[in-house]
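Dock chain D against chain L, hints included.
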Amino acid sequence: MKKRYLLHTLLAFVLISSCSKDIIDRNMEFSALQPASLDINAGIWRPILLTGPTEFPVAAPIATTSPAYILQINEIKSFQANMTSAEKNAVKYWSAGAVLRWNEIMRELVAKHNVPPVNNPDGTYPFPSAANPLAYPLFPFANPPYAARAYAYVATAQYDALVAAWYYKKLYNRAAPYTVDATVNCLIPTSDLPSYPSEDAVVEGATVEILKLLFPGDQQFIQQKAEEHKRARLIAGANVRSELEAGEALGKSIAQKFVTRAKGDRAGATAGNQTLWTQLETDCIIRGEIPWISQESPKRPPMLPAFGKVNPWLFDSLTMVTTIRPAAPPSTSSQQFKDELAEIYNYSIKPTREQIRIAHFWADGVSTYTPPGHWNAVACEDFVKQNFSEVRWARNLGLLNMSLMDAAISCWDAKSFYFNPRPSQMDPRIKTITGLPNFPAYISGHSTFSAAAATILGHITPARVADYTAMAKEASLSRLYGAIHYRSDCEKGLETGNKVGAYAIARARTDGAE
Amino acid sequence: MKHLLKKIITGLFLLLLINPVKAQTDIDGVMMERGAFCVGPMYGHSSWKNYWEGTLKRDNANLGTVSTTMYNIMGNYGITNKLNVLFGLPYVKTKASAGQLKGMKGIQDLSLWIKWKAYSKKIGQGRLSLFAIGGYSLPASDYTSDFLPMSIGLESKNISVRGMVDYQRGSLFATVSGAYIRRSNIEIDRTAYYTTEMHYSNEVEMPDAASFNVRAGYRNKGAYAELVLDNWTTLGGFDMTRNNMPFPSNKMNATRIGFNGKYPMPFMPQLSVVGNVFTTVAGRNMGKATSFGGGLFYVIDFSKKEKKGSSTSEK
Numbered sequence: 000m001k002k003r004y005l006l007h008t009l010l011a012f013v014l015i016s017s018c019s020k021d022i023i024d025r026n027m028e029f030s031a032l033q034p035a036s037l038d039i040n041a042g043i044w045r046p047i048l049l050t051g052p053t054e055f056p057v058a059a060p061i062a063t064t065s066p067a068y069i070l071q072i073n074e075i076k077s078f079q080a081n082m083t084s085a086e087k088n089a090v091k092y093w094s095a096g097a098v099l100r101w102n103e104i105m106r107e108l109v110a111k112h113n114v115p116p117v118n119n120p121d122g123t124y125p126f127p128s129a130a131n132p133l134a135y136p137l138f139p140f141a142n143p144p145y146a147a148r149a150y151a152y153v154a155t156a157q158y159d160a161l162v163a164a165w166y167y168k169k170l171y172n173r174a175a176p177y178t179v180d181a182t183v184n185c186l187i188p189t190s191d192l193p194s195y196p197s198e199d200a201v202v203e204g205a206t207v208e209i210l211k212l213l214f215p216g217d218q219q220f221i222q223q224k225a226e227e228h229k230r231a232r233l234i235a236g237a238n239v240r241s242e243l244e245a246g247e248a249l250g251k252s253i254a255q256k257f258v259t260r261a262k263g264d265r266a267g268a269t270a271g272n273q274t275l276w277t278q279l280e281t282d283c284i285i286r287g288e289i290p291w292i293s294q295e296s297p298k299r300p301p302m303l304p305a306f307g308k309v310n311p312w313l314f315d316s317l318t319m320v321t322t323i324r325p326a327a328p329p330s331t332s333s334q335q336f337k338d339e340l341a342e343i344y345n346y347s348i349k350p351t352r353e354q355i356r357i358a359h360f361w362a363d364g365v366s367t368y369t370p371p372g373h374w375n376a377v378a379c380e381d382f383v384k385q386n387f388s389e390v391r392w393a394r395n396l397g398l399l400n401m402s403l404m405d406a407a408i409s410c411w412d413a414k415s416f417y418f419n420p421r422p423s424q425m426d427p428r429i430k431t432i433t434g435l436p437n438f439p440a441y442i443s444g445h446s447t448f449s450a451a452a453a454t455i456l457g458h459i460t461p462a463r464v465a466d467y468t469a470m471a472k473e474a475s476l477s478r479l480y481g482a483i484h485y486r487s488d489c490e491k492g493l494e495t496g497n498k499v500g501a502y503a504i505a506r507a508r509t510d511g512a513e
Numbered sequence: 000m001k002h003l004l005k006k007i008i009t010g011l012f013l014l015l016l017i018n019p020v021k022a023q024t025d026i027d028g029v030m031m032e033r034g035a036f037c038v039g040p041m042y043g044h045s046s047w048k049n050y051w052e053g054t055l056k057r058d059n060a061n062l063g064t065v066s067t068t069m070y071n072i073m074g075n076y077g078i079t080n081k082l083n084v085l086f087g088l089p090y091v092k093t094k095a096s097a098g099q100l101k102g103m104k105g106i107q108d109l110s111l112w113i114k115w116k117a118y119s120k121k122i123g124q125g126r127l128s129l130f131a132i133g134g135y136s137l138p139a140s141d142y143t144s145d146f147l148p149m150s151i152g153l154e155s156k157n158i159s160v161r162g163m164v165d166y167q168r169g170s171l172f173a174t175v176s177g178a179y180i181r182r183s184n185i186e187i188d189r190t191a192y193y194t195t196e197m198h199y200s201n202e203v204e205m206p207d208a209a210s211f212n213v214r215a216g217y218r219n220k221g222a223y224a225e226l227v228l229d230n231w232t233t234l235g236g237f238d239m240t241r242n243n244m245p246f247p248s249n250k251m252n253a254t255r256i257g258f259n260g261k262y263p264m265p266f267m268p269q270l271s272v273v274g275n276v277f278t279t280v281a282g283r284n285m286g287k288a289t290s291f292g293g294g295l296f297y298v299i300d301f302s303k304k305e306k307k308g309s310s311t312s313e314k
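As you go down the protein sequences, you meet chains L and D in turn.
Heads up, the first sequence is in numbering that gives the first Met the number 0, so the first residue is 0 and it goes up one at a time.
Heads up, the second sequence is in numbering that gives the first Met the number 0, so the first residue is 0 and it goes up one at a time.
Bound conformation, chain D alone:
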């Protein structure tokens, strides 16, 4: 029972929507066991009325409230107890409550991660684990990035490397991680554009980004409750000028805090319900978004013959 719950817990990290328009699932201190596959649908909704034009916080009666709805399929498979692969594929829909701009919709980016638990050791009363996570994402459809804030994504192909430290003592845990995201240039539908200077190209240089994440709370027997602090910082890029439109290579920053929870069904422990709420506390060239999400995850075990052995391999 405990073993099953542990596995279900691992579904948790699938639900963390780091950026309202960008699903990320890699930031958690728990691994799927060898042969176990966790998969499920997620729903997410994010909206903002205020946004930061550069550093100036404002609203815009010609946009009203801009909302993003996301339907995501996510999964995680345990190649070994220490090596997991993950994926996410969201369908995204945007809408502005005022003004004339038409919302966009479509399949956004396919994300893939490899997550490696590189080190784990009992220290004092608890256990310290170190992780390395490599990620890659690319657009899964030919959507338009150059129509912000209505675009469903930014179109760049991203390579990320994240280092993560997790410490658990009893039912309490804390996880800290940081990532560098290398973003490819993108191609837009026009042949020239202005940033802080004129460019005669349809190619746009996308600045790289850094992500920092801290989470702490309760984690035990399949239940999960944590507070999360998340920061996304674009390393470069430029500010929107006064009353200008956003552009994919803007310096987009956001700091968000939120709560994240998960509960396994007592009658069917393979199935768990997850939910989260986030709010943006600081930002730049981005909406001051509030988001909520929820989903279901189901664990399928493809390694029945090893079940007994593996149940002891977990911490």
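If we strip away everything but chain L, and leave its shape as in the complex, we get:
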């Protein structure tokens, strides 16, 4: 009798245990992309680095009556006849959009690499090496400025490559395989968009090429995604192999222009050296201010202090210094500074649950896709509802990510120029409810990123202006609640971000897409 009870108890437990814990990720529920407009004239939109859409020529496609083409059609049919469930899932996954999915892959790589290296036994810190990416510390340390730059190069290269692709699509006007041969199944929504060269392969080719530079240690993962992507297009019946090959080649060629820019954009020297770090500190003391000191043990050099010198996209470095760089923060000896410090101390004593929630919601710290990644996620989740064509997706993410990288440059310029201490340096009683970033306070990176993103996203999706503004404001305040920034950092950060975003709007108005 007792044994039976025990058995029943165990049985009930097994039943409870077998309930699924699986989590459905939001991005796995995105439906297949069905562009509201083909944007068939996007071939004349203004590219970012290309001199024009024909800078890299694309040969005319083979005739759809040729034996080679028919072989390629048969390849699709044979794939479709032997489709596995994994392949079916891959078709569904990639059908949500090439620009979207590669943006997500980027975010994943950033999150994986966003971990600061541990110190050496002697108290110094090692720097990741692109030449030896798999040795510790892994290359890269994808911190917010690094991430902003990575997202920007991928997004801009994709945009230019797609503008060129759209030019040739219209020029050659090749119909999709399922239109040429009605017996080819199309497993994703059909489209009247000419299929040569393949827009998916253009995106894949451009992205893979840029990622060789940015994430050299993750090539196997990236290649596997690239192969899955191309195969998904074949299995879906959306492209024949020669359309993919032409697209991939075009994407790779155009990406080279961006790789060249990246190699010369001064990002390589942004970590600085002891001379620079000392110089920034000394300059601050000479101005009569208290300089930032690392609060880490052992003291860590500031994160990418020369990132403000990197070449921006939307304006030049001189313009940034003269028209975007904010005025000096309140002097560390001023009453305003003391008041702002006291405000942060008060936030730090007894944070409410809601303040903690907001601080953590926007923290985007270690092991996350960073604030620029967060805004990419916000943008993508809005864009999927708007059925943009791939080229418009790329254009919009290009504008967003140029804004975010330029926000990083402008913000880091101010941080190094003013070298202002964090609240917990000035008042050791202040404890933080989020990780304390290892670089100067003024101006808040989160505020600058968020305002820049909110500004350009509000231009792209006017119905959401109020939401984006509120989100940027909350992201900014989250740093006060976290007790890691003064109010001036946040307010000037928002102002600076808005200025950067305005440059992106100016470009958006003249790029031919509106």
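These aren't lab readings, by the way, just hints derived from the structure by calculation.
All figures in this text were calculated on a predicted structure; none of them were measured in a lab.
Don't take each hint at face value.
What follows is a set of in silico ranges between Cβ atoms, one per label pair, in the way DEER data are often shown [what the hints assert, rightly or not]:
| no. | chain 1 | residue 1 | chain 2 | residue 2 | range |
| --- | --- | --- | --- | --- | --- |
| 1 | L | 273 | D | 90 | 43 to 53 Å |
| 2 | L | 472 | D | 90 | 29 to 39 Å |
| 3 | D | 237 | L | 273 | 29 to 39 Å |
| 4 | D | 256 | L | 352 | 32 to 42 Å |
Every residue gets a Cβ at the ideal spot worked out from N, C-alpha and C, and that includes glycine.
Relative to the frame of chain L, chain D by itself:
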């Protein structure tokens, strides 16, 4: 007298802090009698300087020593001599001695157990007893789990089933038990997070866990002294990567050894004093914690009319 002491002994199992941030009270081979209610406050303190980052043991100058202080109210009521219900409700406070991270504090999880003595028989010179223990715990406040190592808890709702064997011969005893802990998913304050891959959800899948416990020593006339070996193994989860922050769904394992003792007040046998010390000997994605605790337990008997009869029902 012997009867009272026996009852007080049962208070003992209330003091076993299995996880430094997780009170557990269900692992003992003694039952409260019908109608008896044992209740009392416990204090616990646990701290670690070294921790395991995955399997790598290290310290961290940006945390210094991380300490957890716990004030717990625990109780056990005898529905029958063979069926007890137990509860625990701790208030937890964390602190790091170095770095900037702010400690957290608050009421952690309410734990409830049903403990059933399913079988008891004299075997040879001693007595063998079998127990089944079912437990449930849930957060008793809206605390933040996604701020490790400063979080006061992991936020999951847990269902546990434990099987336990106890053998006592004279004043010596040994108890062995094992449990499976089913942990619910949790919700964190962000909309995406990275484990070994990216997740776009505020929901985190929490791996289940297993617990194994061996204790042996002296148990007689209200006094109690035992050595304890305890293991917590997370069935799944992932390792922290180098210099990364911990996450609630990490593979957190710990093996601890400790001493546990209890002494009833000679002048007032309903009242007993308890105390314990533990140290962590092996672990993964957890602090190498050393802990100590102490408390008082008081037995209130709600079944006076049955007192005489029940005094003979105990072994």
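Cross-check of the supplied hints:
Separated by about 48 Å at the C-beta atoms, residue 273 of chain L and residue 90 of chain D satisfy the suggested range of 43 to 53 Å. Checked against the hint of 29 to 39 Å, the C-beta distance between residue 472 of chain L and residue 90 of chain D comes to roughly 35 Å, which is consistent with it. Against the hinted window of 29 to 39 Å, the Cβ-Cβ separation of residue 237 of chain D and residue 273 of chain L comes to about 37 Å, which satisfies the hint. As the Cβ distance of residue 256 of chain D to residue 352 of chain L is approximately 37 Å, the hint placing it in 32 to 42 Å holds.
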